[in-house]
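Visitor: So the sequences go chain by chain: P and C. For the first sequence, the residue numbers in my numbering are 36 to 265. For the second sequence, the residue numbers in my numbering are 36 to 265.
Quick caveat, the hints were computed from the structure, so don't treat them as lab data. Errors might be hidden in some of the hints.
Where chains are identical, the list cannot tell them apart; a pair therefore holds if satisfied intra-copy or between any two copies.
[As the list claims (entries may be wrong)] As a list, the in silico BS3-like pairs of lysine-lysine whose alpha-carbon atoms are at most 27 Å apart:
{"id": "1", "residue 1": "K201", "residue 2": "K71"}
{"id": "2", "residue 1": "K65", "residue 2": "K186"}
{"id": "3", "residue 1": "K186", "residue 2": "K219"}
{"id": "4", "residue 1": "K219", "residue 2": "K201"}
Protein chains: 2
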Amino acid sequence: MTRANETRQTSVTSDPNDSAATLAITDRTKLRRLPKRGSYDAAVVHAILDEALVCHIGFAGGERAPFVIPTTHVRIDDCLYVHGSAASHMLRSLAEGVEICVTVTLIDGLVFARSAFHHSVNYRSVVVFGTAMLVEDAAAKRRALDALIDKLSPNRTAACRGPNEKELLATKVIAVPILEASAKIRTGPPIDDAEDMALPYWAGIVPVQLARGLPRTAADCDRGPPADLR
Amino acid sequence: MTRANETRQTSVTSDPNDSAATLAITDRTKLRRLPKRGSYDAAVVHAILDEALVCHIGFAGGERAPFVIPTTHVRIDDCLYVHGSAASHMLRSLAEGVEICVTVTLIDGLVFARSAFHHSVNYRSVVVFGTAMLVEDAAAKRRALDALIDKLSPNRTAACRGPNEKELLATKVIAVPILEASAKIRTGPPIDDAEDMALPYWAGIVPVQLARGLPRTAADCDRGPPADLR
């Protein structure tokens, strides 16, 4: 793995006895608005990254707007991995070791208050800043690719054909250290102003979640879905 | 509404009889990878923006990585609106009329192929490039704020207290024209290579969707949820 930026100023509290490692707060991860919604707890950050199926990666677009591109991701320890075609614009950009911002957002609920102003959304989001690093070590690359597959369904790598040399050549894997990151979370009911409490309006939440349906076997496949997907 | 960039080089086909307006393709919206997944049909772009509850906004971070921040959005005609606290970093940045990239992603399914390489995700995403414009016209600002509320539930603005002067002052609304945009969509079953078809592995999809649950009334509210939320 290339190390484009060995001298990062951010670091994870590394006490091995401290299971709730705290990420260092930097100027750009410090939550100024509603800081009570923020968390720098690595376990909280990791759990949100693990639950999200896609992330949005921001990288510079020269003198114009940055690009924000969605892609699947997987976390292994304190590193986030994404992959893609070696020919893609994003992968070619990231492979150059640029600084990126990776954001994931989980929506948990719609929040209805008595006032329009206090309507909101319950969410859990994570923002990671870091330098994209091309994963060149073959074993590390394969481990990340397997983890991306297993994130869709546990142990799926054991239930499909692994990548061959040509496919590995056509695929790039990029790593981003999860060192400069923060989570932001809103949870719970609406918070109305005291003078609005008697207004004749309903207040509450409507939970939302990404739900998985029943597997649908491909028309050209004559076997049933594995037990862990049914 | 400020018009920071009247001389845009992109435009929507404006034949009023053409209900399927096509967005002009620009260098940065042209889909080079898997162009068959792309669409520049305004109706397709609008439908994806309308279904998504949150977008991810990318804006420059000076010499370092861009910021990618999630927020709710709403579309009215060919304009996308976001709002936030006048005090927030993002809103202050956007109000300066900077170029931004707004991306939304809907996940529709997990795609399991016989080969690891052809595993994928069914998705519908939209990327919009444009110049953020502070909405200064009071009526346009109020219309966007109402639409943001009504996106959570139709006609909710009629069932809550509207914003007062103080709340309007504390809130900024930003508009982005949906002129330079493209959609990218993957749909359907896995596509395996011919030589993998006989492998003893299941192939198919697992549909996923953002599902709304039953409303939960706030503990301090003594009325039941409105009919259209039950």
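Visitor: All the hints need checking, so say for each whether the structure fits it.
Guide: Hint check results:
{"no.": "1", "hint": "K201 to K71", "verdict": "between (49 Å within a copy, 23 Å between copies)"}
{"no.": "2", "hint": "K65 to K186", "verdict": "neither (30 Å within a copy, 30 Å between copies)"}
{"no.": "3", "hint": "K186 to K219", "verdict": "both (23 Å within a copy, 23 Å between copies)"}
{"no.": "4", "hint": "K219 to K201", "verdict": "between (41 Å within a copy, 26 Å between copies)"}
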